[in-house]
Amino acid sequence: QKEVEQDPGPLSVPEGAIVSLNCTYSNSAFQYFMWYRQYSRKGPELLMYTYSSGNKEDGRFTAQVDKSSKYISLFIRDSQPSDSATYLCAMLAQKLVFGQGTRLTINP
Amino acid sequence: DVKVTQSSRYLVKRTGEKVFLECVQDMDHENMFWYRQDPGLGLRLIYFSYDVKMKEKGDIPEGYSVSREKKERFSLILESASTNQTSMYLCASRGTGIAYEQYFGPGTRLTVT
Chain A
1 QKEVEQDPGP LSVPEGAIVS LNCTYSNSAF QYFMWYRQYS RKGPELLMYT
51 YSSGNKEDGR FTAQVDKSSK YISLFIRDSQ PSDSATYLCA MLAQKLVFGQ
101 GTRLTINP
Chain B
1 DVKVTQSSRY LVKRTGEKVF LECVQDMDHE NMFWYRQDPG LGLRLIYFSY
51 DVKMKEKGDI PEGYSVSREK KERFSLILES ASTNQTSMYL CASRGTGIAY
101 EQYFGPGTRL TVT
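These protein sequence lines are chains A and B, in that order. Position 50 of the first sequence, counted from 1, bears residue number 50 in my numbering, the numbering being contiguous throughout. Position 68 of the second sequence, counted from 1, bears residue number 68 in my numbering, the numbering being contiguous throughout.
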């Protein structure tokens, strides 16, 4: 079993839709939970991070962590074509472990 | 702004060739990393370095070596390239204190024929 599981998609939604991206994990030691965004032909860049459980909001983006269920989510409201990218979850205990990435396309 | 640069965006090499991938960061970060990224497998850590001349194996070090002679530069070496090393290679750097905030370079797409 992989430490971090992420549905690779691809996911295609119309502009303006609410997008939900999810990861599950097995290691209870993870304390930091991150979302990276990777545009085509670019390296990943940190989008949001959360420490331990709870929610964090940044503009149209909301990150949620449920440690009891070992489940994290990223919600994108009012999605835009510029949000089209691959989204990777990542989690940190002793080292940073990445999910497989979900390829998201927002259609105008 | 942190900048991580990689020497090549695209590289095509033949089986058996020795390949050097170079990475340079300009933020005086102690930690540097090499990953490979493959569809369905995500990012997998090859090697990392927490100081000059120091290196640690990651999850998939077989077939690779690294060199860190200067703080800003971290090189990945494929001693004898094979077709299963065709991949996207990503370099990253991170300072001390904020363990999660890694900065990535743009990647090198390596094709071994």
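It is worth saying that the hints were derived from the structure and are not from the lab. There may be inaccurate statements among the hints.
What the hints assert, rightly or not - DSS-like cross-link-like pairs, simulated, lysine-lysine; straight-line CA separation at most 25 Å:
hint, chain 1, residue 1, chain 2, residue 2
1, B, 57, A, 95
2, A, 70, A, 2
3, A, 95, B, 70
4, A, 95, B, 18
5, B, 70, B, 55
6, B, 53, B, 71
7, B, 3, A, 95
8, B, 71, A, 42
9, A, 95, B, 71
10, B, 53, A, 42
11, B, 57, B, 71
12, A, 95, A, 42
Unchecked claim - Label pairs and their in silico Cβ distance ranges:
hint, chain 1, residue 1, chain 2, residue 2, range
13, B, 83, A, 56, 41 to 47 Å
14, B, 20, A, 54, 43 to 49 Å
15, B, 111, A, 51, 15 to 21 Å
16, A, 10, B, 67, 34 to 40 Å
17, A, 54, B, 13, 27 to 33 Å
18, A, 56, B, 60, 41 to 47 Å
Since the structure is predicted, the reported quantities are computational estimates derived from the model, not experimental observations. Where is the CB? At the ideal position from N, CA and C, for every residue including glycine.
Exercise. For this structure, which hints from the list above don't hold up?
Worked result: Checked against the structure, the hints that fail are numbers 4, 10, 15, 17, 18, while the rest are satisfied.
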